[in-house]
Amino acid sequence: MAIDEQLIPRPSADRDSAPYWAGLQEHVLLLQRCSDCGRFRWPFRGCCNRCQSWDFEFVQASGYGTVRSWIVVYEAHLPAFRDRTPYVVALVELAEQEDILIPGNFEGDKLPQFGDRVIANYLDVGSDLSLICWALASDVE
Amino acid sequence: MRSVVVSKDELRDRTAVVGVGFTEFSKNSGVSTAALAARAVQAAVRDAGLSMTDIDGMVSYSVGDSTEPRMLAPMLGISDLKFTNHQAGGGVVSHAAVGVAMMAVATGVADYVVCYRALNSRSEFRIGGKGRAPVDRNLEMQYRVPYGWFTPPQDFAMAARQHMLRYGTTSEHFGHIAITQRDNAVLNERAMMRQPIDMDTYLTSRWIAEPFRLLDCCLEADGACAIVITSSERARDLQQTPVLISGAAWGQGNTMISGGGQDQSVSGAARLAPRLYAMAGVGPGDVDVAMLYDCFTYTVLVQLEDLGFCAKGEGGPFVASGAIRRDGTIPVNTHGGFLSEAYIHGMNHVCEAILQLRGDGGARQIPNAEVAISTGQPGVTSGLCSGLIFRRGR
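The listed protein sequences derive, respectively, from chains W and C. One point on numbering: in this note's numbering, the residue at position 138 of the first sequence is 138, and numbering is uninterrupted. One point on numbering: in this note's numbering, the residue at position 153 of the second sequence is 153, and numbering is uninterrupted.
For the record, the hints were derived by calculation from the structure and aren't laboratory data. All C-beta atoms, glycine included, are put in the ideal place defined by N, C-alpha and C. You may find that some hints are simply not true.
[As the list claims (entries may be wrong)] Computed spacing ranges between beta-carbons, pair by pair:
1) W:47 / C:394: 50 to 56 angstroms
2) W:140 / C:314: 39 to 45 angstroms
3) C:70 / W:57: 45 to 51 angstroms
[To be verified] Pairs of lysine to any residue residues, derived as SDA-like cross-links and limited to a Cα-Cα distance of at most 25 angstroms, are as follows:
4) C:130 / W:62
5) W:110 / W:37
6) C:8 / C:27
7) C:130 / W:87
8) C:27 / W:4
The task is simple: from the sequences and hints, build the whole structure.
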């Protein structure tokens with residue numbers, strides 16, 4: 001599947017999330033962990049939704065998770081995706097914490113299924129952006 | 001001294017909808033959203049037997065794609081509105097817009113408030129996303145856009161899948177909703193799609209974003225709807241059967257990935273329903289007809305559960321039983337809804353609820369309809385939700 005890298009819409013990163021996107025470019029899945037209550041935060045943001053603390057540290061996530069839902073897109077509206085249809089977007093519950101849901105494309109020989117264990121692969125789309133592509137963990141272990 | 005002018009417990013039945021107005025619904029209106037809005041407002045004011053000079057409040061909502069009250073009012077010769085509100089958002093705030101109009105009238109801030117939605121969602125700003133850049137303005141969209149996950153069908157499909165996985169809901173269940181609403185649209189002269197469909201038609205319609213097919217998706221349309229709200233006291237002297245606003249509730253719904261990884265097999269309507277029913281003083285068993293926000297088939301199914309018309313997880317078998325048909329226990333979207341009438345972003349649901357309670361439902365009239373529920377997008381995504389309960393005034 002050929003991807004025209006420059007056509008992929010760039011995420012409008014904000015000042016809270018910039019480190020996340022910088023991490024992906026290093027092929028690292030970064031999370032914010034609350035320095036006070038220890039909960040992970042997602043999406044990237046200023047304060048903890050559990051304890052309201054503003055303190056956190058960056059932690060490298062394992063990259064493992066399980067599939068909670070997915071769609072198969074047949075009708076794409078932007079040129080970047082039109083040539084790739086049908087493509088899969090999977091919503092993955094991260095191994096680190098049950099309420100962290102990270103989307104990404106999915107590639108494998110078959111469609112994902114609920115509860116499938118997956119691992120994040122990283123796909124460079126130009127020099128300014130890297131994305132997550134989920135793959136079955138059993139395929140890479 | 002009283003701490004509030006009107007407490008929320010006094011809002012029930014204090015205001016009424018006294019006029020409804022429509023434009024034609026089409027794929028290409030050929031006019032601006034301002035013209036559409038003006039036509040619908042004129043029609044609603046005429047339906048109420050009022051004149052434009054009576055209107056002193058104006059409310060609308062949009063996703064940056066329409067004409068706001070501050071521009072529409074002068075166009076209609078109105079120069080001194082006492083109350084305006086323009087909400088940023090789509091279906092989620094559609095019924096909240098009526099709610100704030102209700103509060104303005106109940107508190108005496110304004111006497112006759114018009115609420116409208118006008119859009120060229122087919123010929124100009126495609127609500128479904130076709131041919132335009134993603135609306136990337138909320139905190140979480142950035143994590144989805146680069147993966148090709150940002151259009152409404154894609155969002156709701158991701159949620160619908162979670163319901164299917166958890167409760168065994170099937171494509172055929174969604175199909176029953178599409179078929180039933182089309183059957184209703186056949187009897188509605190305003191509806192854009194009036195050709196009956198069957199399960200085979202549904203199941204062979206092309207995939208948009210699996211698990212959604214074309215016939216799971218609403219009809220992007222050009223058009224406008226408007227209503228006039230005043231006090232129930234003034235409504236008694238007007239020409240139409242007043243339809244009382246018994247309940248109005250709005251608030252928080254789900255987002256897709258924020259806020260603790262919400263379970264998308266439950267919508268924001270589950271949190272909204274107790275407040276809405278309590279204000280109206282009724283329960284789901286008292287509701288005669290339901291206009292449930294149907295941007296996609298799934299939102300009807302999940303609302304039937306979350307608004308208490310059937311048990312949680314039973315939405316699929318419930319629609320398959322025929323319960324939502326015109327002769328069923330709770331007729332749903334008698335106008336055909338967004339799926340078959342047109343996607344007028346929630347205001348056409350409000351208008352149909354009013355028509356049904358007035359007895360003006362024509363060939364699709366539900367006999368003796370006295371209580372109606374109408375809902376905005378139930379907070380499957382977008383983070384908000386809203387709903388209304390109406391009662392026939394006489």
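How the hints compare with the structure:
no.	hint	in the structure
1	W:47 / C:394: 50 to 56 angstroms	53 angstroms, holds
2	W:140 / C:314: 39 to 45 angstroms	40 angstroms, holds
3	C:70 / W:57: 45 to 51 angstroms	47 angstroms, holds
4	C:130 / W:62	37 angstroms, violated
5	W:110 / W:37	40 angstroms, violated
6	C:8 / C:27	41 angstroms, violated
7	C:130 / W:87	17 angstroms, holds
8	C:27 / W:4	33 angstroms, violated
Hints 4, 5, 6, 8 from the list above are not met by this structure, while the remaining hints are.
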